[in-house]
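Chain A is already provided as a structure; the job is to place chain B on it using the hints.
Chains as they are written, first to last, in my numbering: chain A, 38 to 352; chain B, 38 to 352.
The hints are simulated quantities; they were obtained by calculation from the structure and are not laboratory data. Any given hint could turn out to be false.
What the hints assert, rightly or not - To give an idea of the interface, some chain B residues facing chain A are shown, with a C-beta separation under 7 Å as derived from the structure:
no., residue
1, Gln-240
2, Leu-241
3, Phe-243
4, Ser-244
5, Ile-247
6, Ile-250
7, Ser-278
8, Phe-285
9, Arg-288
10, Asp-292
11, Ser-295
12, Trp-335
13, Phe-338
14, Thr-339
15, Ile-346
C-beta: ideal position from N, C-alpha, C; glycine also.
2 protein chains.
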Amino acid sequence: MFRPEIKVLDCTIRDGGLCNDHKFSHDFVRRVFQALKNAGVDYMEIGYKSSKDQFSPDKFGPWKFCDDKDIEQVAEDCSLKISVMGDVGRFSPADVKPRSESLVNTYRIACYIKDVDKALKLTEELKAKGYETFINIMAISHALEPELDEALSQIENAKYVDGIYIVDSFGYLYSEQIHYLSEKYISTCKSKKVGIHTHNNLQLAFSNTIEGIIKGVNYLDGTIYGMGRGAGNCTTELLLSFLKNPKFNLRPILDIISSDFIDMMAKYRWGYQIPYMITGSLNKHPRSAIAVMDSKNWKNFTEFYEARIAEEDLV
Amino acid sequence: MFRPEIKVLDCTIRDGGLCNDHKFSHDFVRRVFQALKNAGVDYMEIGYKSSKDQFSPDKFGPWKFCDDKDIEQVAEDCSLKISVMGDVGRFSPADVKPRSESLVNTYRIACYIKDVDKALKLTEELKAKGYETFINIMAISHALEPELDEALSQIENAKYVDGIYIVDSFGYLYSEQIHYLSEKYISTCKSKKVGIHTHNNLQLAFSNTIEGIIKGVNYLDGTIYGMGRGAGNCTTELLLSFLKNPKFNLRPILDIISSDFIDMMAKYRWGYQIPYMITGSLNKHPRSAIAVMDSKNWKNFTEFYEARIAEEDLV
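Next comes chain A alone, as it looks inside the complex (with noise of 0.2 Å):
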């Protein structure tokens, strides 16, 4: 699949980065930064933006926090253009250089829907320090279908506002959605970029993936060997493999897989599990999931999906 127009957003720092509570080396940064950039890679997103009044140096590595100090570490100014995630309320644009004195080219905004019009205003104060601005609507399988009419036809309208994703939190959404919901983003957001963010709960992340770039979504998440929180995201390699612009080198991601992802996925466990997999299912957070992974009872799956049941129990 091939048009010029795609870009492919390499997540792997900032969703694999709820695997470790964001501490990675600097060094090691620094070559998943060489690697995408030798592969052709558009965006690497290095982690998030957060305030250090609600989260501690102390419990959280530095790409839980993104200061322009550590990225100049690891990056350098080139083709690939780097991206930090800000969640709302949980960090302050005041303490966003201008984008003349930052490494860093987008920040994305994360938001449940109801808070939409908080994303709105601190994409606003980013887009006048100068960045690349997008919002993604988490959790997009809970959201109402008129607030999500409405969310996307503000984004639509604010003129700040760069681009848009479609972003799976939970893992539940299969083609006959995904085709839905990149036609509706696509056709009320008609001048903005539109993205997708998948998880892979279901097995579905680059399907799914697929199924937005067959309906006209330009932006794709991916994250290398799918290093992502429970289940993770849709890999890197795959998507690299599947289209067909002649800029991309499999090659880089290949070898950084073999030297560091293998150990590391042993070691964090992401990727396809049954606990997952029962949250996709239900279209439930995996938070429970997660929890459960990290406890001696992870394989007693019957019990936990009978838990899951219980929660939706008619009351």
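Then chain B, alone, in the frame of chain A:
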């Protein structure tokens, strides 16, 4: 997705047997049978019919041969139908008892497209013995269109064939290709049951099965926890969680994954691995990937990739 015509065929013991030379214990196969029966699965494919002149019982376990006496030790006559696969040229229907003397209900004949005439002859003999018959045309991503059209017409005209399977042996296809093949099989083989068997090289086994369902395919192959050669298959647990038919019960499958399949996967290492991804993305047989995964060199992904690319040099 609920259609009463939809049937799930679990081929864990058959396709999974390619991981261990079919050396499952009778006790284990009996427990898989019970789990599938309690889960409401329609068919259990229990192994291959193979000639002992060609394959030694010293080297292969019982499920390479599927003698009726072995099947009788693990299965019973009930709503769960027993299926056996026979490869063209690897067994003789003379070794097959009449249906009335066997617990087997169904024979699936696997062949490459060049051998469809041989498959038709075998199905004719098996139908005369009383069995339900399917033809599984393997490696469909290598089939030339005129050959496929001719084969499907022949199958449609053979009244002793009950069904035909779309088989993505190399795990190469994605949704648009599954749509195309599903429409072709269903429109050509109007009087036949049409099924789909997928491999997970590109993490598309489940999604491609869904795309087959959307286009009207009713016979769905799965394996427990995806166990199968190389990257493995569409998982039975994902299929049952997706299908809305209330006859399906996920719990027995979750239980046996917990008790057996987690440990077996650590031993046999089926599933998403970069060498299988590479052969899948290049539309190649997985044999080179299986070989490298059994070697100490398995993590040298770029070397493996370069070797596969080199095989494709224009000459």
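Taking the numbered hints from earlier one at a time, note which ones the structure violates and give those numbers from smallest to largest. Violated hints: 6, 8, 12 and 15; rest satisfied.
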